Amino acid sequence: MNPTISRRSFLKATGLTLAVSITPMGYSILNAAEKKDLKPFNPNAWLQITSDNKVTISIGNSEMGQGVLTSQSMILADELEADWKQVRIRQGGAKPEYKNPILPGQITVGSASIRGFYEPLRKAGAAGRAMLVKAAAETWNVPESECIAVLGTVKHEKSKRSLTYGQLCEKAAKLEVPKDPPLKKEEEFRYMGKSMPRVDVPEKVKGKAVYGLDVNEVNFKDLKDMHYAVIARPPAYGAKPISFDQKAAEQVKGVVKVIQIPQGIAVCATSTEAALKGKEALKVQWDKGTHPDMDNAFIEKLMLSDLDKPGGKVHEAGDVRKALAEASKKVEATYYIPAVAHATMEPMNTTAYVREDRCDIWSPTQNQSGCVGAAAGITKLPPEKIHVHTTYLGCGLGRRAFGDFVGEAVSLSKNLGKPVKVLWTREDDIKYDRFRAPMTHRIQAALDTQGQLVGWSHKTAAISILRPVNPAAVKDGTDDYCLWGLWDRNPFTWNAKIQYEIPNLYIEFAMTDLPIPCWPWRAVQNGPNAFAIECFMDELAHAAGKDPLEFRLQNLKNNKRASRVLQTVAEKAGWGKPIPKGQGRGIAQAATFGTWTAQVAELSVDKNTGRIEVHRVVVAVDCGPVINPGPLVEQLEGGIILALSTALKEEVKFDKGGVASSNFGDYPILRMSEVPEIEVHIVKSTDRIGGIGELGIPALAPAVANAFFNATGVRIRRIPLTPKVVMDALKKT
Amino acid sequence: MISLNVNGKNYKVDVPDDATLLWVLRDHLRMTGTKYSCGIGECGACTVHINGKAERSCVIPVSQVKGKKITTIEGLSENHPVKKAWIKEQVPQCGFCQPGVMMQVAALMSQKPALNADQIISKMDDVICRCGTYLRIKKGIKTAVQMARKEAKK
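From first to last, the protein sequence lines are chains S and P. Each residue of the first sequence is one higher than the one before, counting from 0 in numbering that gives the first Met the number 0. Each residue of the second sequence is one higher than the one before, counting from 0 in numbering that gives the first Met the number 0.
Don't read these hints as lab results, they were simulated from the structure. Mixed in with the good hints there might be a few duds.
[To be verified] Computed cross-link-like contacts, BS3-like style, restricted to lysine-lysine with a CA-CA straight-line distance of at most 25 Å:
#: 1; chain 1: S; residue 1: Lys223; chain 2: S; residue 2: Lys183
#: 2; chain 1: S; residue 1: Lys159; chain 2: P; residue 2: Lys122
#: 3; chain 1: P; residue 1: Lys149; chain 2: S; residue 2: Lys205
#: 4; chain 1: P; residue 1: Lys65; chain 2: S; residue 2: Lys252
#: 5; chain 1: S; residue 1: Lys252; chain 2: P; residue 2: Lys11
#: 6; chain 1: S; residue 1: Lys173; chain 2: P; residue 2: Lys65
#: 7; chain 1: P; residue 1: Lys87; chain 2: S; residue 2: Lys207
#: 8; chain 1: S; residue 1: Lys207; chain 2: P; residue 2: Lys83
#: 9; chain 1: S; residue 1: Lys178; chain 2: P; residue 2: Lys149
#: 10; chain 1: P; residue 1: Lys87; chain 2: S; residue 2: Lys84
#: 11; chain 1: P; residue 1: Lys52; chain 2: S; residue 2: Lys193
#: 12; chain 1: S; residue 1: Lys207; chain 2: P; residue 2: Lys68
#: 13; chain 1: P; residue 1: Lys152; chain 2: S; residue 2: Lys207
#: 14; chain 1: S; residue 1: Lys648; chain 2: P; residue 2: Lys11
#: 15; chain 1: S; residue 1: Lys207; chain 2: P; residue 2: Lys153
#: 16; chain 1: P; residue 1: Lys122; chain 2: S; residue 2: Lys205
#: 17; chain 1: S; residue 1: Lys193; chain 2: P; residue 2: Lys137
#: 18; chain 1: S; residue 1: Lys276; chain 2: P; residue 2: Lys65
[Unchecked claim] A few chain S residues that face chain P, going by a derived Cβ cut-off under 7 Å, partial list only:
#: 19; residue: Trp139
#: 20; residue: Val141
#: 21; residue: Ser270
#: 22; residue: Glu272
#: 23; residue: Val330
#: 24; residue: Thr333
#: 25; residue: Met344
#: 26; residue: Gly637
#: 27; residue: Ala659
#: 28; residue: Phe663
#: 29; residue: Val674
[Claimed, not checked] Chain P is nowhere near these chain S residues, computed Cβ spacing over 10 Å in every case:
#: 30; residue: Thr49
#: 31; residue: Gln65
#: 32; residue: Val200
#: 33; residue: Asn215
#: 34; residue: Val255
#: 35; residue: Ala324
#: 36; residue: Pro382
#: 37; residue: Cys394
#: 38; residue: Lys417
#: 39; residue: Thr424
#: 40; residue: Arg425
Being a predicted model, the structure only gives us computed values, none of them experimental. The C-beta atom is built at its ideal place from N, Cα and C for all residues, glycine as well.
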């Protein structure tokens, strides 16, 4: 697949070209033929039909395995009534016009690619279909109502005449775009709701897919004389170089230049290995940095003590103090969720080529808007001279929405005057990750005499995600991104908050002051927040003497979607049925990004070694309409496996004020033999369409921890549940 | 100059003896299907065949593979049951680890006496997939083994 399509090729093409223009007021469908100069349109998703009878769809979102190229194209092609065989799909470039209607930019995050583009893409397809039908009706001089579009052809049944979209496109291009084209009814859907093979799979299997790391002059001829750079980076936060041997590095064969930048000391060379050897030869001496005493124990202790310091009020309803004072039963628990790394299989990298009048960026980025912003800042070129070529992404998990690795490539290329590929080694990728923010939670709740939940006081401490990048977004010392899953004050997160109906609810946030950079990690803090909420709900059910499922349903009386996924997962998993001795079963639910989920996990615990084996995970999901069911199941499976990796194994190790974890040897990740059976059940729903990419994450870890309690009678209020953590907990009781 | 035989062709590359096979393939021969991910032989993304055996190209100096037959994902036949099964079962998500995973499976499938699918699966704990496609990889292995059996019967 050609990863980019230039504006010129659209201008050159004849035929019908429709664009979706996002404006602050919404969006409108525009016809490229209406104006010769395309610029004022600011299109974000292109549909082009050419006289060779091809339909070309250009996608602005990044493909990282979630199948966005396929699913967004299915929506458009379906409403257009195109034949899938005539559809070509292209990765679009970076344009402000590709902005997601519900997000601040062209950025693939927040499980938002379908929920943001579902309606505009349907309308764009439907508008095209209406125009093609009209063009045919005018050609034949018959009423439009007698013409129908079928698989890339408009037919007039009465006269048995038909014309292909390719034959009609030039005439259709001269027509006005209908403002409110009729959309298909669900029963008329041809592609939506049916599993379609992903278009990115064949070239990935052949080994021909081009990821950021694979960019070279064979793929992109501009990259002749490409240089390779690696960067020696500080071993501790805030550490500065005391000395380094520039000459030794420059003497390494193939090394071209040593450049000191704020991130460290970059070695540019004619091959990756020469750059790596040059970096070794630098023998950099660093000072101790700003937090030489920081290690894991230090972090956990500080974050627990932050729960005692005054924080910012996030939400208050009713009188939680009174509810707690008058409670028939009061329950309190404290939870800790440590930092985890993104550790995508493709380490961070970007290739940039800065020339006098343009800057090209080849990047596995989730954030094209961010690339443009970063490059414009460094090069001082206007945004329209920054050209972003989005490659395939070797997994994203949110990490690639941050632009640090892009900026490095741009500034080194600018300095060297050559195309430069910056490679982060695996060690760089783990040590200089921006982690999922570690969190502590203390929750107190009140139960009345019937065992009904009447009050909930929740204090959480976290390292801020927003403060380093957007301090203005931090209000009263509270960070919205850290709160998703607990409380939701953003318009684009669609109900990312505690689902239970609690008459007296108080939520407070305390910001932990540590230099560890944090950033969204698949599902952002929905994961850690759901862990605290759902483990605590299990404790409350136990305290109230109720079944964990019943107790949840009892506090979700008016929440149909949450109740329905819980009931579905319980039925499918055989909740309440006997389980073999030594095994445990746990349940949890979570909603975010407009989708509701519930999971049941079944596991056994080896009491001699502390090893947990998860046998089976059942998930029920309600995301409204489903576009491509196959990849939807894949996303939930993948999310559950990733979350299980964090529940059982992952914790970033810190030492001497820096990151001690360095590679897959000391940062263990779940392996194939540790993966349970996973069953995905989609709850049929006609509600507003929600997100999927991150929805396997939140309910998994609490379902596992609750299953552990069910198996052992012991609560562990942290993850990962490593054999050591399990043995320590079992010995204590 | 070092002579290498990759995917049935001979190449001469101007690299030192201690150059790593992975980077020679990627930077010098421009065969980018073989991936860098950990550089220490932990994850399997760089797996290639050396004389038919799955090996981690990120920890092998080129001097060790002189005169040996190297096969990369690009050299694995398009009709290989692993490639066909991977498409049929829609195994990859991001796909970055999959060339290495497929090469490891293909090597295990060519062992004599033949391994069954479960035996192959039990030898796959040394590969990492961050997207969590492990269940699909298992499915892919089962399908590939079935396909290979059917082909052998023909």
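Hints and how they fare:
{"no.": "1", "hint": "S:Lys223 - S:Lys183", "in the structure": "violated, 49 Å"}
{"no.": "2", "hint": "S:Lys159 - P:Lys122", "in the structure": "violated, 61 Å"}
{"no.": "3", "hint": "P:Lys149 - S:Lys205", "in the structure": "holds, 22 Å"}
{"no.": "4", "hint": "P:Lys65 - S:Lys252", "in the structure": "holds, 22 Å"}
{"no.": "5", "hint": "S:Lys252 - P:Lys11", "in the structure": "holds, 19 Å"}
{"no.": "6", "hint": "S:Lys173 - P:Lys65", "in the structure": "violated, 64 Å"}
{"no.": "7", "hint": "P:Lys87 - S:Lys207", "in the structure": "holds, 18 Å"}
{"no.": "8", "hint": "S:Lys207 - P:Lys83", "in the structure": "holds, 15 Å"}
{"no.": "9", "hint": "S:Lys178 - P:Lys149", "in the structure": "violated, 56 Å"}
{"no.": "10", "hint": "P:Lys87 - S:Lys84", "in the structure": "holds, 18 Å"}
{"no.": "11", "hint": "P:Lys52 - S:Lys193", "in the structure": "violated, 40 Å"}
{"no.": "12", "hint": "S:Lys207 - P:Lys68", "in the structure": "holds, 21 Å"}
{"no.": "13", "hint": "P:Lys152 - S:Lys207", "in the structure": "violated, 31 Å"}
{"no.": "14", "hint": "S:Lys648 - P:Lys11", "in the structure": "violated, 44 Å"}
{"no.": "15", "hint": "S:Lys207 - P:Lys153", "in the structure": "violated, 30 Å"}
{"no.": "16", "hint": "P:Lys122 - S:Lys205", "in the structure": "holds, 23 Å"}
{"no.": "17", "hint": "S:Lys193 - P:Lys137", "in the structure": "holds, 24 Å"}
{"no.": "18", "hint": "S:Lys276 - P:Lys65", "in the structure": "holds, 23 Å"}
{"no.": "19", "hint": "Trp139", "in the structure": "violated, 42 Å"}
{"no.": "20", "hint": "Val141", "in the structure": "violated, 43 Å"}
{"no.": "21", "hint": "Ser270", "in the structure": "holds, 5 Å"}
{"no.": "22", "hint": "Glu272", "in the structure": "holds, 5 Å"}
{"no.": "23", "hint": "Val330", "in the structure": "violated, 34 Å"}
{"no.": "24", "hint": "Thr333", "in the structure": "violated, 30 Å"}
{"no.": "25", "hint": "Met344", "in the structure": "holds, 4 Å"}
{"no.": "26", "hint": "Gly637", "in the structure": "holds, 4 Å"}
{"no.": "27", "hint": "Ala659", "in the structure": "violated, 16 Å"}
{"no.": "28", "hint": "Phe663", "in the structure": "holds, 4 Å"}
{"no.": "29", "hint": "Val674", "in the structure": "holds, 4 Å"}
{"no.": "30", "hint": "Thr49", "in the structure": "holds, 28 Å"}
{"no.": "31", "hint": "Gln65", "in the structure": "violated, 7 Å"}
{"no.": "32", "hint": "Val200", "in the structure": "violated, 6 Å"}
{"no.": "33", "hint": "Asn215", "in the structure": "violated, 6 Å"}
{"no.": "34", "hint": "Val255", "in the structure": "holds, 14 Å"}
{"no.": "35", "hint": "Ala324", "in the structure": "holds, 46 Å"}
{"no.": "36", "hint": "Pro382", "in the structure": "holds, 28 Å"}
{"no.": "37", "hint": "Cys394", "in the structure": "violated, 4 Å"}
{"no.": "38", "hint": "Lys417", "in the structure": "holds, 15 Å"}
{"no.": "39", "hint": "Thr424", "in the structure": "violated, 6 Å"}
{"no.": "40", "hint": "Arg425", "in the structure": "violated, 5 Å"}
This entry does not satisfy hints 1, 2, 6, 9, 11, 13, 14, 15, 19, 20, 23, 24, 27, 31, 32, 33, 37, 39, 40, going by the numbered hints stated previously.
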